[in-house]
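Visitor: Using the sequences and the accompanying hints, generate a full structural model.
Sequence order for the protein chains is P and F.
Per this note's numbering, residue -18 is the first one in the first sequence, and the count goes up by one each step.
Per this note's numbering, residue 168 is the first one in the second sequence, and the count goes up by one each step.
Do not rely on the hints blindly, as some may be mistaken.
Computed from the model, here is a short list of chain F residues facing chain P with C-beta under 8 Å [to be verified]:
| no. | residue |
| --- | --- |
| 1 | Glu428 |
| 2 | Arg434 |
| 3 | Gly437 |
| 4 | Val438 |
Hint data in this document are derived by calculation from the structure and do not stem from the laboratory.
Positions of the beta carbon are idealized from the N, C-alpha and C atoms, including for glycine.
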Amino acid sequence: MINNITTNKNLLEISNLSLSFMQNKNEINILDNVNFKIRKKQTISLVGESGSGKSLTALSIMGLLPSSAILSKSSKVVFNSENLIKVPPRDMDKIRGNEMSMIFQEPLSSLNPLHKIQKQIAEIIVLHKGHSYKSAKSLTIELMHKVGIKNVPDKLESFPHQLSGGERQRIMIAIAIANEPKLLIADEPTTALDVTTQFKVLKLLKKLQDEIGMSILLITHDLGIVKNFSDEVCVMKDGVIVENGDTGRILLKPQHDYTKHLLGSQLEKNYEKDLSSSECILKVDNLKVWYPIKKGIFNRRSHYLKAVDDVSFFLRKGEVLGIVGESGSGKTTLGLAIIRLISSKGKIRFNQDYIDGKSFRELRKYRRDIQVVFQDPYGSLSPRMTVEQIVEEGLIAQKINLTKSERELRVCNALCDVGIDISAKDRYPHEFSGGQRQRIAIARALILKPKFIMLDEPTSSLDVSIQLQIIKLLQNLRIKYDLSYIFISHDLKVINSIADKVIVMNKGKIIEYGSATDILQNPKNDYTKELVSSSLSINS
Amino acid sequence: MEKFNFYKFSPLAIRRIKNFRANKRGLWSLRIFSIIFIISMFAELFMNDRPLLMFYKGELLTPVFFDYPEEKFGGFLAKTDYRDPIISEEISDNGWIIWPPIRYHYSTINYELPLPAPSPPTYMINKDDRCVSYNNSVNDKDCTIWNWNWLGTDDQGRDVLARLIYGFRLSILFGLVLTSLSSIIGIMAGALQGYFGGLVDLISQRFIEVWTSIPSLYLLIIISSVIVPSFWLLLFILLLFSWVSLVGVVRAEFLRARNFEYVTAARALGVTNFKIMFKHLLPNAMVATLTFIPFLLNGSIVTLTSLDFLGFGLPPGSPSLGELLAQGKNNIHAPWLGLSGFFGIAIILSLLIFIGESVRDAFDPRKIFK
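Guide: Pasting the structure below:
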């Protein structure tokens, strides 16, 4: 197979691609002398952390760069023996969507929310093949079958918001392959999807590649995907390709330090402790979060949406409980219900007190023991407060009597614990990277010296190497302060590396509950099995 | 960097100020507006029928700030009429006078009009006719450029320029007070609705819908046909209806932001509702609100002007732009009335809109300025 590929001629050849932006009269280099080739029917993946220039490379191939971007004179993007940089915009329109197409990370924002699916798929056929919308319909249906959409006649008339994330990404793929392109650029096509969906979508891409005979440029940060789906890999850092070559070779024998660093950032379990004798800090019995769905003019409750249904578990002091499940399985709702930020039914016992049924005011004194860290480090810090103000807010809100210097000391200690330099306390959140912000969010949770922290996907929006750092930090803090965590994640690798016990959730119910090693290594339930097998690891 | 906690702008604010300064039209509008605003705030020092400073029989007097009885200078009125030639001659014989650049107050009636009121701007009249009403005709020492009516006079012989500037001050102050009061009420109402949502929101929204359906202009006309409204009464009545205009914007911002993760995080820390609203949500809502305020200010000025134009506004004799426009309409043969009124109001409103636009752009994070 490999030999077969090498005899084919290059479909795309990028040479000396350099790109810069002007900012405040300074030229900022984004891409520096990028070279790689894609042969026919080949899958090449472009790997790197966020900000390494992966997406801009893709956009320069498509000719979709922002107008402020400056390409260097020597840059060449040769597609089908034509230099795309020299092609006038009007001719470029004929190539885009026809000979090469692109799928994006976030399928909801790449589909027009106001048009039906049928129209969105048909549009690309009408545009490039000269069909009318009527005659394009049969082609549209065929495409939707091809990308594995079930119940096609209904979905034709749906709007994007009525579809699930996986279905939307399938629709995006249908649009991208409608004209059987020679090159498909997939920019993080599965990052926003659940593990099981991610696996299915990638398999679909592979299948379509065989049918149509297209080349795929796969942009990703996930080495598991690279290992399982690509022929060759280019590792990118700060706009430079530091290493490229055959996937197997690179993953086995990385030459460049950065590649080694990326490979070394894989999560592993490194701490275990017998907790069976420690006291129970949190006990949840029959927790329910039901939303009534009202119908008719009298607002009768026809039925309930059961976001969390009859969940019971307990958490020991110093223990980490992982909650896994796909999006929509009720993980986050459960988390918010436990810390009483949304109302629920059922018993929640924290230490000796039942905290269900307590009012917001009564709960305030428990808040210092129960803290929370959210997924999105960009959304969870107020953009108009300095780091110091953010971190000390808890102390002020809890009316802990401290002098100004004592308070400063506490802030100092909390920032030290999470590894943020104290000189940064007067800066604003936007001056920090995603990982640093997550550290600040953890410092905010730590300052009240809580006993229990609810971590809602704290690493999901971070790069792999940062993910590792945050997990290590959480692990250290747990040991240092004897903390208990509830760790919500959709990523089994993360859960595996930190959790002692695991709850697998689906549709609001607990599917499986037990020790982490048992569940992740010998899943009993079919759903758990699917979840575990879909998780792409570079070790598998 | 040195630490001035209290004069430290956040990087965001610095960026916004920079963006604002990059917009030349907005910047110049602000400069011109500030000049007019400052002049009008100190209008008494620039256009007045009393001298700024005078020296009389070894005494330094400031008639701008103090009333002196005319007896002091040999007259008989309770308040001195310094424009009276006999008095002014008496003073200049025994000392000296410094006048403001324009020697008319908005209420001063010019008795030395060359032509019957409304008389045209002085520069439109030739030199011989200009001084015809003064005692010594062309040679009269009062027939100087300082006594010109630069924009003519109205139908009661009062200087149009003075009335325009004093009217500008009144309109702007009225607008500012009305805008700030209605912003405070509107922001509070919107914040409560957006933050608590649910039933509070539902009831308040329906109330506002009913309330806004009351035609406020007609209500004002009815009230002012019974009593003559003063500045404050007019303000109060307009306030009853103008506070609703900001509620929608603020409510929407609060509704949007109340589910942000940092708000949830603050709740998890046990921060009180009031503090969350004030510290976390209000700064976000301020951007949308600030954008709206110049237009609210303009709306207030236009309402006041239209009421004055119809004759239902401020008490008679007050310097007002609307009254000037009404005079222009009644005296078509004296175009300087209508034109001055028109340009006066058009310039203020345009300046405010330009400033507002530029503030809005400065707050827009997506806008990039060169």
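Visitor: Look at each hint and say if it fits the structure.
Guide: Outcome of the hint check:
1. Glu428: holds (4 Å)
2. Arg434: holds (6 Å)
3. Gly437: Given a least distance of 3 Å, the restraint on glycine 437(F) holds.
4. Val438: holds (4 Å)
The structure agrees with every numbered hint stated previously.
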